[in-house]
Amino acid sequence: MSAIGSDRRRIRLPRLLAVFVWAYILWNLLPVVCAMAFSFNATRSRSVWQGFSTQWWSGTPLSLFDNDEYASALKHSLELAAWTTVLATALGTVLALAVTRMRGVSKHPVNFILMIPIVTPELILAVGLYLSLTFITAWPFTLVHLGTAAQVVGQVTYTVGFVVVVIRGRLGVLGEGLEAAARDLGAGPVAALVFVLLRLLMPAVLVGAMISFAFSIDNFVITEYLASDSSTVSIPMYLYANARGGNTTPALNALATILVVMTLAVVALAGLLYRCATRRETGSSDISSTVALGA
Amino acid sequence: MLGSPGIIWFVLWVLVPAYTIVAVSMGYVSDSMLPVPEWNPLYWNVETLTTVFREMRPGGTFSRVVTNTVIYVACAMALCVLVGYPVAYYIAKQAGRWKALLIVLLTIPFWTSYLMRMLAWIGLLATDGYVNRLLVGVGLLDNPYGWLEGHGFVVVIALAYGYLPYFILPLLASLDRIDDRLIDAAKDLGMNRLWTFLRVILPLSAMPLVTASTVVLLPMCGDYYTTTLMSGSPSTAMIGNQIQILAQGGPQQNVGASMALLLQITLILLLSFYLYASSKTNRTAAPV
Numbered sequence: 061m062s063a064i065g066s067d068r069r070r071i072r073l074p075r076l077l078a079v080f081v082w083a084y085i086l087w088n089l090l091p092v093v094c095a096m097a098f099s100f101n102a103t104r105s106r107s108v109w110q111g112f113s114t115q116w117w118s119g120t121p122l123s124l125f126d127n128d129e130y131a132s133a134l135k136h137s138l139e140l141a142a143w144t145t146v147l148a149t150a151l152g153t154v155l156a157l158a159v160t161r162m163r164g165v166s167k168h169p170v171n172f173i174l175m176i177p178i179v180t181p182e183l184i185l186a187v188g189l190y191l192s193l194t195f196i197t198a199w200p201f202t203l204v205h206l207g208t209a210a211q212v213v214g215q216v217t218y219t220v221g222f223v224v225v226v227i228r229g230r231l232g233v234l235g236e237g238l239e240a241a242a243r244d245l246g247a248g249p250v251a252a253l254v255f256v257l258l259r260l261l262m263p264a265v266l267v268g269a270m271i272s273f274a275f276s277i278d279n280f281v282i283t284e285y286l287a288s289d290s291s292t293v294s295i296p297m298y299l300y301a302n303a304r305g306g307n308t309t310p311a312l313n314a315l316a317t318i319l320v321v322m323t324l325a326v327v328a329l330a331g332l333l334y335r336c337a338t339r340r341e342t343g344s345s346d347i348s349s350t351v352a353l354g355a
Numbered sequence: 063m064l065g066s067p068g069i070i071w072f073v074l075w076v077l078v079p080a081y082t083i084v085a086v087s088m089g090y091v092s093d094s095m096l097p098v099p100e101w102n103p104l105y106w107n108v109e110t111l112t113t114v115f116r117e118m119r120p121g122g123t124f125s126r127v128v129t130n131t132v133i134y135v136a137c138a139m140a141l142c143v144l145v146g147y148p149v150a151y152y153i154a155k156q157a158g159r160w161k162a163l164l165i166v167l168l169t170i171p172f173w174t175s176y177l178m179r180m181l182a183w184i185g186l187l188a189t190d191g192y193v194n195r196l197l198v199g200v201g202l203l204d205n206p207y208g209w210l211e212g213h214g215f216v217v218v219i220a221l222a223y224g225y226l227p228y229f230i231l232p233l234l235a236s237l238d239r240i241d242d243r244l245i246d247a248a249k250d251l252g253m254n255r256l257w258t259f260l261r262v263i264l265p266l267s268a269m270p271l272v273t274a275s276t277v278v279l280l281p282m283c284g285d286y287y288t289t290t291l292m293s294g295s296p297s298t299a300m301i302g303n304q305i306q307i308l309a310q311g312g313p314q315q316n317v318g319a320s321m322a323l324l325l326q327i328t329l330i331l332l333l334s335f336y337l338y339a340s341s342k343t344n345r346t347a348a349p350v
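Read top to bottom, the protein sequences are chains A and B. Numbers 61 to 355, taken from this note's numbering, label the letters of the first sequence in order. Numbers 63 to 350, taken from this note's numbering, label the letters of the second sequence in order.
These aren't lab readings, by the way, just hints derived from the structure by calculation. Quick caveat: nothing in here was measured; it's all calculated off a predicted structure. Certain hints may be false.
[Said to hold, decoys possible] Label pairs and their computed distance ranges (CB to CB): (1) B:L331 / A:T120: 53 to 61 Å; (2) A:T120 / B:G199: 27 to 35 Å; (3) A:R161 / B:A339: 54 to 62 Å; (4) B:K249 / A:G235: 35 to 43 Å; (5) A:P249 / B:A140: 48 to 56 Å; (6) A:M262 / B:P313: 34 to 42 Å; (7) B:K249 / A:L76: 18 to 26 Å; (8) A:A240 / B:F215: 57 to 65 Å; (9) B:R243 / A:L76: 33 to 41 Å; (10) A:A83 / B:S66: 45 to 53 Å; (11) B:R345 / A:A328: 21 to 29 Å; (12) A:L122 / B:L202: 33 to 41 Å.
Every residue gets a Cβ at the ideal spot worked out from N, C-alpha and C, and that includes glycine.
Chain A extracted, bound-state conformation:
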């Protein structure tokens, strides 16, 4: 990475390219900044600026913090994110450890299954889950009802693959010798796994957890498909339902702002933590590759 920026002999494309890149970045970020600014608009309009006020955030019955509908969406999103983060991280960590230990033929089908949710459009995953939860009358499908339980199952299924990718990347960097070394020094199999390998894996597990949180809180398709009634409306579902409504107020922009700030804060924290935890190692991946893995 570091060798690239310092090399001055590289052919220089015209300035035009630099202007193009900055224009792209502006085109990408400016609309979102505008939408956030409109949450402070003085009138109902979400498209014309008419002065500053905080009335859509708090103070009136229609403001974000004083309205039950917004509060319920926010609460439901956080509830889903908490469940998804815990389950997806636990399941993903164990799966990543298991897959790296597998030898021979069993590895390929497991890898294949893990890839399915990553390469399938969310809509198809959602339709499949919806149909199996409504048509199959056998255990454990009868346990999971549409609503919170089904939404958590769907979000975890969608997220686990990404957690596994992140943790396997870290396992690859750590190499296979550590556990064996711990065993040679007298640690039992469980101790070698928990005190040595899992401890070294912690940064990656944390990043995995934060990615699950971000995925869960931003998830729309699966969450909407597996919802039941108005108590299981999450923030993205609420945004989708009201984005074009004529009666919608800038409080919706305030709700969206909260969503964006939450996600970005969690991801930034994950990036920083990972950096700090792996700073002293050579070959540690930078934030761009961590993020690229998520794609």
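Since the structure of chain A is already known, use the hints to place chain B on it.
Just chain B, lined up with the frame of chain A:
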């Protein structure tokens, strides 16, 4: 076994649902007009599937959504390449000391809720919004234009806008890995900038471009929310809209399941082509 909870989870919530789509698609409709899945492959009924397939071809009931999907996705992918490749290339190879900052700025939209990014444009493109004000103000338009009232090109631009961050970051990561010594060698051997680009950089970017395109192709094909939010008109509906309407309850769930199945089969074929192409490139490429 360490892996068993995860594997059981995936079997229950990935493989069984996939099989359910097939079973519903190959099932029957009961006397009370409700779809009944057929779990036994021996009794599968392919009639719905073949009917849906026929209706998806030109002239059929579903041909509109199929044509829309193919055209919108193809145009949006072309925009992704035209905009995303220069951006990724510049940041990977030319940005110098700005590189870290630019990567952070690219990462922000990647982690910004997709719906928020659409919501932002809904405000700007409204009839009294700032895009119309600007265009009327500089004299490009005489009257405000109804951007959000059922225009295919707005959906295409919105799709490109929405998916570009997911296109650029993986592309950037692989372009970053292109060995600079190859570019230097081309220069030392007397190639000018244009030739270096055409004969060295472009061939090395081919596979990363295909990978990044695949990353956005898959979700775009199942997208229904972008066109709903940016147009809302049935004339710009995509295949995702049709699946979403049909599969969620009602007597036509088997039709919805068949469409989902056909879409998934198409995507699997495209993905296999990609895997074949990438394994071939890996085999022929000289180790660097």
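Cross-check of the supplied hints:
1. Taking 53 to 61 Å as the suggested C-beta distance range, the pair B:L331 and A:T120 conforms, at roughly 55 Å.
2. For A:T120 and B:G199, the Cβ-Cβ distance of about 33 Å falls inside the hinted range of 27 to 35 Å, so the restraint holds.
3. A hinted range of 54 to 62 Å for the beta carbons of A:R161 and B:A339 is inconsistent with their spacing of about 31 Å.
4. Judged by the Cβ atoms, the range 35 to 43 Å given for B:K249 and A:G235 holds: they are separated by roughly 38 Å.
5. Remark: the range hint 48 to 56 Å for A:P249 to B:A140 is upheld by a beta-carbon distance near 54 Å.
6. Between A:M262 and B:P313 the CB atoms are about 52 Å apart, so this pair departs from the stated range of 34 to 42 Å.
7. Hint check: B:K249 to A:L76, Cβ distance near 21 Å, so the stated range 18 to 26 Å holds.
8. At roughly 60 Å, the beta carbons of A:A240 and B:F215 sit within the given window of 57 to 65 Å.
9. For the pair B:R243 and A:L76, the beta carbons lie near 27 Å from each other, so the given range of 33 to 41 Å is not met.
10. The hinted window of 45 to 53 Å between A:A83 and B:S66 holds, with their beta carbons roughly 52 Å apart.
11. Our hint of 21 to 29 Å for B:R345 and A:A328 is violated, since their Cβ atoms are close to 40 Å apart.
12. Checked against the given bound of 33 to 41 Å, the beta carbons of A:L122 and B:L202, roughly 36 Å apart, stay inside it.
Comparing the model with each numbered hint stated earlier shows that hints 3, 6, 9, 11 do not hold.
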